[in-house]
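Trainee: Taken in order, these protein sequences are the chains called A and B.
My numbering applies: residue 1 is where the first sequence begins, and numbers increase by one.
My numbering applies: residue 1 is where the second sequence begins, and numbers increase by one.
No lab work stands behind these hints: they were computed from the structure.
Predicted, not measured: the structure shown is a model, and the values here were computed from it.
Misleading hints may appear alongside valid ones.
SDA-like cross-link-like pairs, simulated, lysine to any residue; straight-line CA separation at most 25 Å [said to hold, decoys possible]:
hint, chain 1, residue 1, chain 2, residue 2
1, A, K2, B, R133
2, A, K2, B, E121
3, A, K2, B, L197
4, A, K2, B, A61
5, A, K2, B, Q188
6, A, K2, B, L23
7, A, K2, B, V119
8, A, K2, B, G54
9, A, K2, B, G131
10, A, K2, B, P134
11, A, K2, B, R122
12, A, K2, A, A48
13, A, K2, B, C124
14, A, K2, B, T178
15, A, K2, A, L56
16, A, K2, B, M40
17, A, K2, A, Y174
18, A, K2, A, S106
19, A, K2, B, Q185
20, A, K2, B, V117
21, A, K2, B, R128
22, A, K2, B, L123
23, A, K2, A, W99
24, A, K2, B, V20
25, A, K2, B, S114
26, A, K2, B, L45
27, A, K2, B, V13
28, A, K2, B, V31
29, A, K2, B, L53
30, A, K2, B, E195
31, A, K2, B, S11
32, A, K2, A, V60
33, A, K2, B, L87
34, A, K2, B, L139
35, A, K2, B, A199
36, A, K2, A, I92
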Amino acid sequence: MKTRDLAYIALFAAIIAVLGTLPAINIGPVPVTAQTLGVMLAGSVLGARRGFLAVLLFLVLVAIGLPLLSSGAGGLSVFAGATAGYLFSWPIAAFVIGWLTERFWSRYNVAWGFAFNVLGGMVVIYLIGVPVLAAVANLSLREALASGAWPFLPGDAAKAFIAAAIADQVRRSYPIIERPQRAVAAR
Amino acid sequence: MTLALYVPRRSPVHRVPAGVKLLALAVLAVVLFAVPTLPMTGGALVAVVVVGLGAARLPVAALARQARTVLWWLIGLFVFHALFSDLPTAAVTVLRLLALVLAAAVVTATTRVSEMVAVIERLCSPLRLFGVRPARIGLVIAMALRFIPVLAERADRIREAQAARGGSARGIRGLRTTVAPLLVQLLQMAHTVGEALDARGADDVPPARGRRSPAPAA
Numbered sequence: 001m002k003t004r005d006l007a008y009i010a011l012f013a014a015i016i017a018v019l020g021t022l023p024a025i026n027i028g029p030v031p032v033t034a035q036t037l038g039v040m041l042a043g044s045v046l047g048a049r050r051g052f053l054a055v056l057l058f059l060v061l062v063a064i065g066l067p068l069l070s071s072g073a074g075g076l077s078v079f080a081g082a083t084a085g086y087l088f089s090w091p092i093a094a095f096v097i098g099w100l101t102e103r104f105w106s107r108y109n110v111a112w113g114f115a116f117n118v119l120g121g122m123v124v125i126y127l128i129g130v131p132v133l134a135a136v137a138n139l140s141l142r143e144a145l146a147s148g149a150w151p152f153l154p155g156d157a158a159k160a161f162i163a164a165a166i167a168d169q170v171r172r173s174y175p176i177i178e179r180p181q182r183a184v185a186a187r
Numbered sequence: 001m002t003l004a005l006y007v008p009r010r011s012p013v014h015r016v017p018a019g020v021k022l023l024a025l026a027v028l029a030v031v032l033f034a035v036p037t038l039p040m041t042g043g044a045l046v047a048v049v050v051v052g053l054g055a056a057r058l059p060v061a062a063l064a065r066q067a068r069t070v071l072w073w074l075i076g077l078f079v080f081h082a083l084f085s086d087l088p089t090a091a092v093t094v095l096r097l098l099a100l101v102l103a104a105a106v107v108t109a110t111t112r113v114s115e116m117v118a119v120i121e122r123l124c125s126p127l128r129l130f131g132v133r134p135a136r137i138g139l140v141i142a143m144a145l146r147f148i149p150v151l152a153e154r155a156d157r158i159r160e161a162q163a164a165r166g167g168s169a170r171g172i173r174g175l176r177t178t179v180a181p182l183l184v185q186l187l188q189m190a191h192t193v194g195e196a197l198d199a200r201g202a203d204d205v206p207p208a209r210g211r212r213s214p215a216p217a218a
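Sequences and hints are given; from them, build the entire structure.
Mentor: So, in structure tokens, the structure goes:
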């Protein structure tokens, strides 16, 4: 991995951190934050591998004691909390989005991007986050869905669209995904 | 933006190596979930508070800040379990979460970020087998720590500039005219930082294999 790739990874970890300074809306245990927007962007701009590592790096920064989650939470405590599953699902979400984006790179547009972001950024996150919420909080799956998935559908769908619109624009003016791949193939 | 939850003190807890504290935290989590009884969870909670406030001499605020982020959630959880399960289950569930959150807060508040980074580099050293160099992990963490205040400042500057022009570019137009170009600028900045680091010898070729010539033939 080139130093430039490390810089991209660090940049997106920082972007997710700064998105956490935007105010979050608390509904029940799981807050609506702009940070999942950063997760979607990491996957759709950097691709699977670097997107995954960027989000993982962000979680490492949180774990070593920086108050980077929205509402200033941080430290190891958050990985023991009810929302731990959502946090662990983020790198996987970025990977899935990045993988799909790379696959369909030549045909990428806002509609495809939206679909990938919904699949990776919503389906994957709910699939992992909701069962963990249910387990940690001793809730039934139905109750966990009611407090940890359904309220987020409109906000997350909006974020999926916004991330796709930005990624499409970046793809046209400063594509990150295709160039390094060519460089690797040439070596 | 304060960038650390670390509380400097001269205490025995601060002096315990970071790796040991992290291990203790992991053990506590396993034990509390394996033995879900009220004396165990209650005892653990008391012990954590004694270690944090007594031995480590942390201010109450350092622990309270972390507890506050989960407070309403814990209250809701308690009420829920008190109504639908029974009182002991409710107490154990809530106290267990509170004990773990506070224990993690104690570790976080008594351990420097640089020590944590060193632990991470050490933990990652087996990854050498897969070609990962732990020093690169330290480098990427350092870069992210530097980028965070830079980004926060740029975001502030844009907000100020928009306010000075008496409005803000909202909606899809805003994405096209502000956010995407900003992201492109940031990517260019990251690219430049990467090149600058390579120029100063941070390059990705392991020293053992020798340096690449500055301009490799195609």
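Trainee: Against this structure, judge whether each hint is valid.
Mentor: Structure-based check of all given hints:
With a C-alpha separation of about 12 Å, the suggested pairing of A:K2 with B:R133 holds against the 25 Å cut-off. Taking the CA atoms of A:K2 and B:E121, the gap is about 18 Å. The hint holds against a cut of 25 Å. Restraint check: the Cα-Cα separation between A:K2 and B:L197 comes to about 10 Å, which is no more than 25 Å; the hinted pair holds. With a CA separation close to 43 Å, the supplied pair A:K2 and B:A61 exceeds the 25 Å bound.
Note on A:K2 and B:Q188: the hinted pairing holds, with a Cα-Cα distance of about 15 Å set against a maximum of 25 Å. Between A:K2 and B:L23 the alpha-carbon distance is near 33 Å, which puts this suggested pair outside the 25 Å criterion. Proximity of A:K2 to B:V119 is assessed by CA-CA distance (about 23 Å); at most 25 Å being required, the pair is judged to hold. Restraint check for A:K2 and B:G54: not satisfied, since their Cα atoms lie roughly 47 Å apart, outside the 25 Å limit.
Distance check on the hinted pair: A:K2 and B:G131 sit about 13 Å apart at the alpha-carbon level, within 25 Å; holds. Proposed proximity of A:K2 and B:P134 is supported: the alpha carbons are some 14 Å apart, at most 25 Å. Restraint check for A:K2 and B:R122: the C-alpha separation of about 21 Å stays at or below 25 Å, so the hint holds. The hinted pair formed by A:K2 and A:A48 meets the criterion: a straight-line CA distance of about 16 Å does not exceed 25 Å.
With a C-alpha separation of about 18 Å, the suggested pairing of A:K2 with B:C124 holds against the 25 Å cut-off. For the suggested pair A:K2 and B:T178, the alpha carbons sit about 29 Å apart, so the restraint of at most 25 Å is broken. For the proposed pair A:K2 and A:L56, the alpha carbon gap of about 18 Å is at most 25 Å, so the pair holds. For the proposed pair A:K2 and B:M40, the alpha carbon gap of about 49 Å is over 25 Å, so the pair is violated.
For the given pair, A:K2 sits about 18 Å from A:Y174 by alpha-carbon distance, which is consistent with the 25 Å threshold. With a C-alpha separation of about 24 Å, the suggested pair A:K2 and A:S106 falls inside the 25 Å cut-off, and the hint holds. About 20 Å separates the Cα atoms of A:K2 and B:Q185, which keeps this hinted pair within 25 Å; it holds. Pair hint A:K2 plus B:V117 holds up; C-alpha atoms about 21 Å apart against a cutoff of 25 Å.
Of the supplied pair hints, the one linking A:K2 and B:R128 holds, its CA atoms being roughly 16 Å apart against a limit of 25 Å. Between A:K2 and B:L123 the CA atoms are separated by roughly 22 Å; this keeps the pair inside 25 Å, and the hint holds. As the CA atoms of A:K2 and A:W99 are separated by approximately 20 Å, the hinted pair is consistent with the 25 Å bound. Under the criterion of a C-alpha separation no larger than 25 Å, the hint pairing A:K2 with B:V20 is inconsistent with the structure, at around 33 Å.
Note on A:K2 and B:S114: the hinted pairing holds, with a Cα-Cα distance of about 24 Å set against a maximum of 25 Å. Between A:K2 and B:L45 the CA atoms are separated by roughly 46 Å; this puts the pair beyond 25 Å, and the hint is violated. Distance restraint check for A:K2 and B:V13: the Cα-Cα separation of roughly 39 Å exceeds the 25 Å cut-off, and the hinted pair is therefore not satisfied. A hinted pair counts as satisfied when its Cα atoms are at most 25 Å apart, and A:K2 with B:V31 does not qualify at roughly 42 Å.
For the hint linking A:K2 to B:L53, the alpha-carbon distance of about 45 Å lies beyond 25 Å, and the restraint is violated. Restraint check for A:K2 and B:E195: the C-alpha separation of about 9 Å stays at or below 25 Å, so the hint holds. The straight-line distance between the Cα atoms of A:K2 and B:S11 is roughly 41 Å, outside the 25 Å bound, and the hint therefore fails. A threshold of 25 Å between alpha carbons decides the hint, and for A:K2 with A:V60 the separation of about 20 Å falls inside it, so the pair holds.
Annotation: proposed proximity of A:K2 to B:L87 is violated, straight-line Cα distance about 56 Å (limit 25 Å). A hinted pair counts as satisfied when its Cα atoms are at most 25 Å apart, and A:K2 with B:L139 qualifies at roughly 12 Å. With a C-alpha separation of about 12 Å, the suggested pairing of A:K2 with B:A199 holds against the 25 Å cut-off. At most 25 Å may separate the alpha-carbon atoms for a hinted pair to count; A:K2 and A:I92 meet this at roughly 22 Å.
Hint compliance for this structure: hints 4, 6, 8, 14, 16, 24, 26, 27, 28, 29, 31 and 33 are broken, all remaining hints hold.
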